[in-house]
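Read off the chains here:
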Amino acid sequence: MIALADQLLVLVLLINFVVLGTSRLIFSIRAVAVQGVILGILPALIHPFSWHLVGIISMILATKGAVIPLLLYRAMRSAGIKREVEPFLGYVPTLLLGAVFTALSFGFAGKLPMLAEHQNYMFVPASIATLMTGFLILTTRRKAISQVLGYLVLENGIFIFGLLLAEAMPIMVEAGALLDLLVGTFVMGIVINHISREFSSLDTSRLTSLKEE
Amino acid sequence: MFSILQGVYDPAAVALIAALALGFAGIPGLFLRTPGPGQMCAAVISILASMVGIPAALVLLFSHATTTFVLEWGLPFGSCELAIDPLSAFFLLPIFLVAAAGSLFALGYWPAAEHPSTERGLTFFYGILASSMAILLTARNGVFFLMVWEVMALSAYFLIVTEHDSEDVRRAGIVYLIATHSGSAALYVLFSLLAAQTGSFILPVAGSLSALPPAAMAIAIAAFVGFGAKAGIMPLHIWLPSAHANAPSHVSAMMSGVMLKMGLYGIFRTLTFFHDPPLLWGAVLTVAGISSALLGIAFAVAQRDMKRLLACSSIENIGIITTGFGVAMLGVSSHNAPLAYLGMAGALLHILNHSFFKPLLFLGSGVIIHAAGTREMNLMGGLAKGMPRAALFFFIGSVAICGIPPLNGFVSEFLLYFGFFSQLQAPSLIYLVLLAPLLALVGGLAVVAFTKLYSSVFLGTPRSQGAAHPHEAGLTMLLPMGLFALLCLLVGLLPQQAMRLVAPAIASFMPQMSAAVNPAEYGVMLGRISLMALLLVVIAAAVALLWRWRLGSASVTSAPTWGCGYQRGTSRMQYGATSFSELAVSVFNGIIRERITRPGLNGLFPGAAGCGDKPTETVLERVIAPLFTIAGVSFAFLRRLQHGQMHVYMIYIFATLFILMLWAH
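Just so you know, the sequences run in chain order U and C.
Under the numbering used here, read the first sequence as residues 1 to 213, first letter to last.
Under the numbering used here, read the second sequence as residues 1 to 665, first letter to last.
Simulated from the structure, these hints should not be mistaken for lab results.
Predicted model only: the values in this text are computed from it and were never measured.
Yeah, the Cβ is synthetic: ideal placement off N, Cα and C, and Gly gets one too.
The reader is advised that the hints may include incorrect statements.
Here are some chain U residues pointing at chain C (derived, C-beta under 7 angstroms) [as the list claims (entries may be wrong)]:
hint: 1; residue: 88
hint: 2; residue: 89
hint: 3; residue: 135
hint: 4; residue: 195
hint: 5; residue: 196
hint: 6; residue: 200
hint: 7; residue: 208
Here are the in silico distance ranges between beta carbons for each label pair [said to hold, decoys possible]:
hint: 8; chain 1: C; residue 1: 471; chain 2: U; residue 2: 201; range: 50 to 58 angstroms
hint: 9; chain 1: U; residue 1: 26; chain 2: C; residue 2: 113; range: 19 to 27 angstroms
hint: 10; chain 1: C; residue 1: 166; chain 2: U; residue 2: 26; range: 20 to 28 angstroms
With the rest of the complex left out, here is chain C (with noise of 0.2 angstroms):
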């Protein structure tokens, strides 16, 4: 079925096989009668296929060439075309890494002999999904992407709703089953223009579309829409929290790794069809980006549920990403090749980046739900005690992600501030400048938000009996983390190598422009941050080390924190997680508020009483769930067409038949 064009053993086909091994990966698992076997025969085949995908990614990465396949399937839609490019291998990149982490993970996370009923399928899923995503990205037949993209968006739900007894993860599938085929929807709209177009179903080459006609901004439009839904841009996140918050925390990893990443990959390969894009749509990406950003980031402030906290900061990563995004299509338009170069390789370099840290902070807080048995941030504490190693491990994804140096989102969101000052002398562009204080708005409430994740749950003293003896996780589940902040330090301490990663992808981005920029005076710079960065390493190797030392000769007694003394402590005196975030929530209230019930204190002496908070969107709870109310009022009358009544049914079958035959005679 397949026929090779190019030699059976150049890296494209050997990425492609590895992306096919992953999906084959949970099957032997399905007819094995014991559940584990299945479980470690997957993570062995995933990790073996991920050891020669990135391998095969990276040659394919700096190979500067594409690779094109041609898959006769005999269906009437064109011929169907694997191509794979820089800018797929780039992508191609994560997928590998973080199946692997996530099925090692899985060994220790969602042991087969403690969940012999759920194992299977999530298993089987989980390399359906990141096999699907491989696949996607070297797809260059419209309706061939269209049919990978929803066996991608399926077994996505099948993941998140492996806990389904519970009403939540069932509510949370059914609202991501919705938001992603309303995408879906928009992505039909998105092939069909193409098509129309174009000719053909195949996706056109590079730069071969005018952006001028009215098709191409209804186009421009539908790709916006589809893929923002997959990405979780702003207004079309509704989907994102509760889905991460619910599915198995390495499935979250990988939707939040690699998943969103898909929707920006598909709006990179719609905008890079087309030449001289016009400068609104540039403008449009970079202000969807930044409000993405600033709200998501906000909304993380108020949550009081850890993995929703994660989610909602996923939301402004792939905001800071999308703006960086929209800061080269402004550059590409107004032919301003170092800030189109700038804004790209922010934007590629912090999707790696947030390809690191965020698994890395997904599989941690696997492992405080292992070690606490909740989500709930105010009802843990001291967590850091019990587990040392997984606590530094989410430490330096918290800093990472908080763009701090030395680690990696330093690196990327540094590219974008300098993109954004290297405007300062410009003539037309001057109010980019604007985005810089919005970017560091947004770098704050990141330190906000992750200060109160790691404190409320690392620091202080255990505000819960589940959260009381917490243990360390096992080696399976360190070994990925570990790995993910090895990459992130790596990443942070090495920039210039990791700009070399990104470099041919952004050339194959905008290969008329790329001549234009002189990498070398950036790699100066980056030389620099690097030089800085170590510096910081040794500085605190050095503490430590001291630390350590004055420790070492000295009697250590422990006592709990915020001890102070006091001959009745309990751990409610703590600052609780709501309780640190309040003040900043505060300032967001037109957007998200921290619904706090208090209980109202009478008399002298007031008797026990509780005090909840619920952190509640407005943009969801005033304007969207009103519409979804007001399209369930207005279209209760379908309902009515489903009655279970099996004649009427036949009727109805019986009837269309019938239309179809006269209007048809």
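Next comes chain U alone, as it looks inside the complex (with noise of 0.2 angstroms):
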């Protein structure tokens, strides 16, 4: 079963990949998706049967594949908008750097003092890497909602790291960890209303004519 975890958090590599390198705002979202999706499976994997997992994964499943999304898809279609156009950082340059990031990610989780039962899988540079990836997305990107998105990446990073370290989740923490999520998508998306109605575009860029002088 680790085995099968370990190759589906390869897939979670790539799909990181994946947002970074499209400009088409509806791919990333339901990159982001897939993603969740994958993290929803992964408690099942490692951990032996109960029915308080099957609540969580049924709850994860349910926010990060279909909620979430949802909200995206909305947000996204009031503002009109479709692509990520001029980012700070082209694509090719962040793919790269996302691939920098994610070797310097393995290395330093070797480096690491941990449990001898963790030491050999992927968990931990998995981890660190869609981490370091969400951060990616969030500061080279111009639009709202694709802040939006790194955010979720980023949350998905420290999902992972999660799932080592708890054997059997408190639901009450898994419960709460989602609803954050939850909720602060729900206000980003407020958020992104406001910021389109406002500046008539979603380029966080415009927001500096806030700041104070």
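Assembling the complex is the task here: the two chains are given apart, and the hints tell you how they should meet.
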């Protein structure tokens, strides 16, 4: 089962590159949704069966696979944009940076003092790589929706790390984290709406005009 | 959550509940759609809470015991103790009194119907401010103290910026916010040092620390800076005049009457931790106090904004209290029990007195602003004709604050004078006698300042259209003023009784020395003051009756003041507020200057011209403002970090995280 989990993690890493490399927002949203679904399946593979686990997984699948993508679709439709144009850093450089970060995170994870049973798995490097990818998206993209996607990827990275830590995660913690994510996305959806109404564009670099002189 | 160790019905629990009730008073109003009932509800709750809280505080004061509660808060700073000892109970009295009076006053002064957008916040934060101050007095855990302190500071900020449409108000708010947080920074240092000394954040018991190690000196300095900034001791007073002037009047009353005292309480409390304090501490406090008093009242004389004048006079009164406290510390250090007793009695009694007459005057200024529509004294005049009752109350407050018998200000200042002169025969502290003429100078200047205030506002003829048709204030505004005026008179007439209120707090401050003092000795003296005051009141009443009687039998014609038979007399022929004080201010040219712009008079028939003045503080303009400018210029490069680019902000976070990861590895 662990071997399967490792393969799924490779998929997660590949999805990171998909999100980094595409300019079509719909495609990015779908990719992040797929990443969420994969992450939802992962706990089932590494933890023994329990009803509590079933509850958590179904909640993760519903939230990350359906609700959040739907919210983002709506925000995108109401703002009327389809593509991320002119990012601060082009697609090819970000892809390259993403590759560098992924490599670095594998190196870094190898040096971390970890329990013996975690030593050989990809959880930690995948987690750090996904986190870095999230940061990369957050810092290089201009549109507010891309930034929400970056935030989601970032959260996915943290989630992978959480998989390792807790053998049996308390349901309250899980539910709390999910709720956090959902509310965060919800609020950002509202913010996106306001940005697009105020500046008639979703370009967050326009926010500099709010700066206090 | 509260695990109350003692029984539920003890006075300490009642006082705490009353304090919490003050904080909740403004909450119902936040959820009501129609403006009005919320404010009424807040006033009722505050008054009820005070009617319960004041007796409870009195019982606690006279019980000479300390009641302790432990709050289980689950934070890693040790257990959170709440305790009420006589010192706390003494400071609780003005809080309850001013909170109740202020919220009653607000009904007439800031009616919800006229200020629908600001009333809710004002009522809410007013309750929070009062409540946080009451809780602050009970806090015995350094971290909890800081939390409550911050609540107090911030709620005062929101009260100051109630009228945030105006640029002046926002500016005053920012200055206050910077000043209070600079003070808070010093308090963080203070409580960290204390925790390092004692090993826990629980505040040490009285007299348990030695004053000898250098850390004790650092603690004393941090306390002086942190608490002094809140109390407004010079040179930490810069926030005070503008904040008090720009806040609504009942808020100024609360801040000046009570919040400044929280700074003093902090200094008192901190210094009780030490036994055998060095002589230097008392000397520093005394010098800082007397210079605050002198400079504060000099600033007050120069002001033309009525509320700024009152605020500067608060600096003066805080200075007088600090002087008394410094003298008491000198007494403690030199094991001179009578000196310590007199200084402490003067300081504590003046705290009580100031929390009677200063709210009275600030509430009075609110009534005046309602009637005249301005704070500028040069535009008022003749208000006494339209509002005789408010004028009478204001007069009582003015006389009291000048320290003139038979009112209360005289009693506390008299105790201080007595303390100074008691050292005439002493071998070491004879130079304390020199403070007496300084305090007398302060008193004299106070008379100038308040004569200026009262005469230019209430006497003469109106100097502007706005002040021409004053109307008497409503009952909700007159009632609190009348209450304070009555208290001023009572303390002046019965100083022995007021001393009984102060005595337990003194005893808790210097437990080992209070046995060496015989209060009865001073009781006799105070009895004589009481007799004299009574005589004065009787004479004043007799003169007033005689005057009434003479007026009643003659025909009375009324004419404009300073009419003097001129055909074309105008109100501009009378002394203005500025011209009244010009001479007195010119003496203090180095510290405060009235910048008067005079028109040049040319030719035989000069045309119309204007004349204006602006009081400027030299310390502020020459020292503090340039310092801020230098700081602003030299840290300008930091502003480049805040540029509004979201992505770069993300990179900051990312870089921080990265560095932390590398560092930890």
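Results of checking the hints against the structure:
1. 88: With a minimum Cβ separation of about 6 angstroms from chain C (threshold 7 angstroms), the hint on residue 88 of chain U holds.
2. 89: Violated. Min distance 9 angstroms.
3. 135: At about 5 angstroms, which falls below the 7 angstroms cut-off, the nearest Cβ of chain C leaves the hint on residue 135 of chain U intact, so it holds.
4. 195: Constraint on residue 195 of chain U not satisfied, violated at 11 angstroms.
5. 196: 15 angstroms, violated
6. 200: Not OK, violated: residue 200 of chain U not within 7 angstroms of chain C, min 18 angstroms.
7. 208: At 3 angstroms from the nearest chain C Cβ, residue 208 of chain U passes the 7 angstroms test, so the hint holds.
8. C:471 <-> U:201: 50 to 58 angstroms: 56 angstroms, holds
9. U:26 <-> C:113: 19 to 27 angstroms: 54 angstroms, violated
10. C:166 <-> U:26: 20 to 28 angstroms: At roughly 50 angstroms between Cβ atoms, residue 26 of chain U and residue 166 of chain C fall outside 20 to 28 angstroms, so the hint is violated.
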